[in-house]
Amino acid sequence: MNPGIDLQGTFIKSLMDLGLPPGTAKAIWMPLPMILMLIGATVGVLVCVWLERKISAAAQQRIGPEYIGPLGLLAPVADGLKLVFKEDIVPAQADPWLFTIGPIIVVVPVFLSYVIVPFGQNILISNIGTGVFLWIALSSIQPIGLLMAGYASNNKYSLLGGLRAAAQSISYEIPLALSVLAIVLMSNSLSTVDIVNQQSGYGILGWNVWRQPVGFIIFWISALAECERLPFDLPEAEEELVAGYQTEYSGMKFALFYLSSYVNLVLSALLVSVLYLGGWDFPISLNLIASWVGVSETNPVLQIIDASLGITMTLLKAYFLVFLAILLRWTVPRVRIDQLLDLGWKFLLPIALVNLLLTAALKLAFPVAFGG
Amino acid sequence: MLKFLKQVGDYAKETVQAARYIGQGLSVTFDHMQRRPITVQYPYEKLILGERFRGRIHFEFDKCIACEVCVRVCPINLPVVDWEYDKASKKKKLNHYSIDFGVCIFCGNCVEYCPTNCLSMTEEYELSTYDRHELNYDSVALGRLPYKVTDDPMVTPLRELVYLPKGVMEPHGLPVDAPRAGARPEDLVEKS
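Protein sequences appear in the order of chains B and E. All the letters of the first sequence, read from the start, carry residue numbers 1 to 372 under the working numbering. All the letters of the second sequence, read from the start, carry residue numbers 1 to 192 under the working numbering.
Keep in mind the hints are simulated off the structure, nothing from the lab. All figures in this text were calculated on a predicted structure; none of them were measured in a lab. Every residue gets a Cβ at the ideal spot worked out from N, C-alpha and C, and that includes glycine. Keep in mind that the hints are not guaranteed to be accurate.
[Stated by the list, open to error] Just a sample of chain B residues kept apart from chain E, beta carbon distances all over 10 Å, derived:
1. L15
2. Y157
3. G206
4. D233
5. I305
[Stated by the list, open to error] Derived BS3-like pairs (lysine-lysine); straight-line CA-CA distance at most 27 Å:
6. B:K346 - E:K13
7. E:K166 - E:K191
8. B:K346 - E:K6
9. E:K3 - B:K346
10. E:K63 - E:K91
11. E:K63 - E:K87
12. E:K92 - E:K63
13. E:K13 - E:K3
14. E:K63 - E:K93
Start from the sequences, fold in the hints, and give me the full structure.
See the structure below:
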């Protein structure tokens with residue numbers, strides 16, 4: 001197995017060579033990937049917002065943002081700056097504590113989930129054994145924050161939006177977890193790195209989409225519902241509920257909600273690419289090409305190319321899915337709340353269960369193809 | 001048992017059909033992304049208006065005979081015609097004429113019925129002001145002609161879809177003398 005580039009090991013080793021004790025060297029390393037990931041996630045959101053506006057415009061035969069920076073690239077930055085400088089209002093009759101904690105509880109788990117997103121063999125914050133399970137657990141915290149925000153606003157629309165958000169998140173978490181379970185069953189591990197490694201080796205043919213097509217669709221639908229993207233954006237349905245749980249929010253607190261919804265979208269897209277589209281895996285097996293050309297696996301140039309290609313591939317796959325989500329936004333009309341719950345409980349849940357059972361059966365029957 | 005299986009089959013069929021429809025919808029949305037944006041970037045680009053555009057009304061003071069036909073055909077009797085009888089020439093003498101464009105609906109009846117053609121439509125549509133009383137145009141303001149879009153060096157004039165040559169959809173970078181689709185009125189006159 002190609003160990004790939006190991007930044008952590010090299011960094012700590014070079015610090016220790018400078019005469020630092022191993023503990024200090026590790027402590028200096030620790031915040032670096034976290035800060036990098038925070039910045040990366042925020043930039044990812046800016047790109048996502050820009051894409052959303054540009055693609056939405058294209059789908060409606062408009063131009064979209066154009067004058068704020070080249071091609072309007074700075075439009076989301078301007079949006080963010082505006083929100084930072086706006087007055088932070090807490091309604092008089094609202095509960096100030098819950099009102100403030102709500103958006104924080106929404107935003108923290110989403111950023112925390114980036115711990116498990118791998119961009120390469122060693123290019124992730126932490127390869128935790130519980131991997132995907134951590135993400136599912138963290139995403140369950142979000143509805144509490146939404147409900148808190150909705151209830152604390154002391155506004156009927158906010159309360160309705162918060163309740164809807166909680167109902168939606170809880171119902172769609174189950175098919176989501178079940179489809180992840182089928183993947184876990186195939187790769188015998190919860191760790192995201194192991195899941196990608198299990199898919200690699202055969203290029204595009206080894207990806208989980210081919211073995212889990214139903215699971216892929218269920219996961220993507222549920223992920224869209226978890227992110228409150230347009231076919232399922234009932235919690236903030238502007239025609240019915242003004243802006244749902246966000247109605248009373250302004251300034252930085254609103255920005256936190258806005259940020260978390262887009263970070264969540266990018267995160268879901270990243271996880272789809274990790275779980276189903278082979279993560280950092282290039283469509284053609286890179287080691288195969290290297291062995292054809294006759295370059296050693298441990299060649300530093302190859303490792304750097306491999307790592308950067310891995311990051312690019314993961315992001316490309318993720319942003320392809322974001323593009324799909326935006327396209328879907330302008331194609332599918334919003335469902336009603338009863339249709340939403342029907343789809344979750346009466347359609348996705350049984351199908352996800354059948355998919356899980358089928359995967360288990362196939363694993364027993366063909367252990368070679370389904371990870372015995 | 002058979003009935004149940006049929007139900008399951010029907011349900012599966014409906015699901016597949018729903019997925020097909022969503023796919024069709026996605027392809028339509030995707031197709032729209034390749035189409036030209038219809039945006040006219042207004043202060044920098046402006047449309048060349050059609051010949052029959054009904055904009056702000058132009059008035060020629062000297063032609064007016066103060067017959068007040070325009071007032072009678074106006075749905076709301078809007079034009080104010082201030083005249084007095086001149087005994088020496090035994091004619092009506094026009095003192096003042098004004099139309100309030102905050103009230104005018106641009107129906108064009110006055111232009112249609114004016115016996116001396118002293119009223120006409122212009123291409124001007126940018127009538128916004130900070131004070132609504134400024135929209136009450138007197139005979140001097142009514143006598144001004146708007147600046148043509150094609151003459152304005154600050155503005156890129158764009159042709160409307162009907163005025164584009166045959167098969168052309170893109171008004172940007174079109175030569176000025178490119179003929180529009182279909183026969184022009186003068187061609188029709190020659191033919192008959």
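Checklist entry - Once the closest CB in chain E is found, is it more than 10 Å from G206 (chain B)? => result Non-interface label stands for G206 (chain B): nearest chain E Cβ at 26 Å, farther than 10 Å.
Checklist entry - Quick one, are K63 (chain E) and K87 (chain E) close enough, alpha carbons at most 27 Å? => result The given pair, whose Cα atoms are some 20 Å apart, holds under the 27 Å limit.
Next on the checklist: Holds or violated: K13 (chain E) and K3 (chain E), Cα atoms, limit 27 Å.
Outcome noted: holds, 15 Å
Item to check | Distance rule for L15 (chain B), whose beta carbon must clear each one in chain E by more than 10 Å | outcome: With a cut-off of 10 Å, L15 (chain B) remains clear of chain E, as the shortest Cβ separation is near 49 Å.
Checklist entry - Taking the closest pair, is the beta carbon of I305 (chain B) still more than 10 Å from chain E? => result At about 33 Å from chain E, I305 (chain B) clears the 10 Å cut-off, so the statement holds.
Checklist entry - Given the proposed pairing of K63 (chain E) with K91 (chain E), does the C-alpha separation stay at or below 27 Å? => result Cα-Cα ~13 Å, so holds.
Checklist entry - Do the alpha carbons of K346 (chain B) and K13 (chain E) lie within 27 Å of each other, as the hint requires? => result With Cα atoms ~16 Å apart, K346 (chain B) and K13 (chain E) stay inside 27 Å; holds.
Checklist entry - Keeping to a limit of 27 Å between CA atoms, is the pair of K166 (chain E) and K191 (chain E) held or broken? => result holds, 21 Å
Checklist entry - Y157 (chain B) clear of chain E by more than 10 Å, beta carbon to beta carbon? => result holds, 30 Å
Next on the checklist: With the threshold set at 27 Å, check whether the alpha-carbon distance from K92 (chain E) to K63 (chain E) stays at or below it.
Outcome noted: holds, 12 Å
Checklist entry - Is it true that the CA of K346 (chain B) sits at most 27 Å from the CA of K6 (chain E)? => result Given pair K346 (chain B), K6 (chain E) holds - Cα atoms ~18 Å apart, limit 27 Å.
Item to check | Proposed proximity, K346 (chain B) with K3 (chain E) (alpha carbon, max 27 Å) | outcome: Holds, at about 20 Å.
Consistency note: the structure conflicts with none of the earlier hints.
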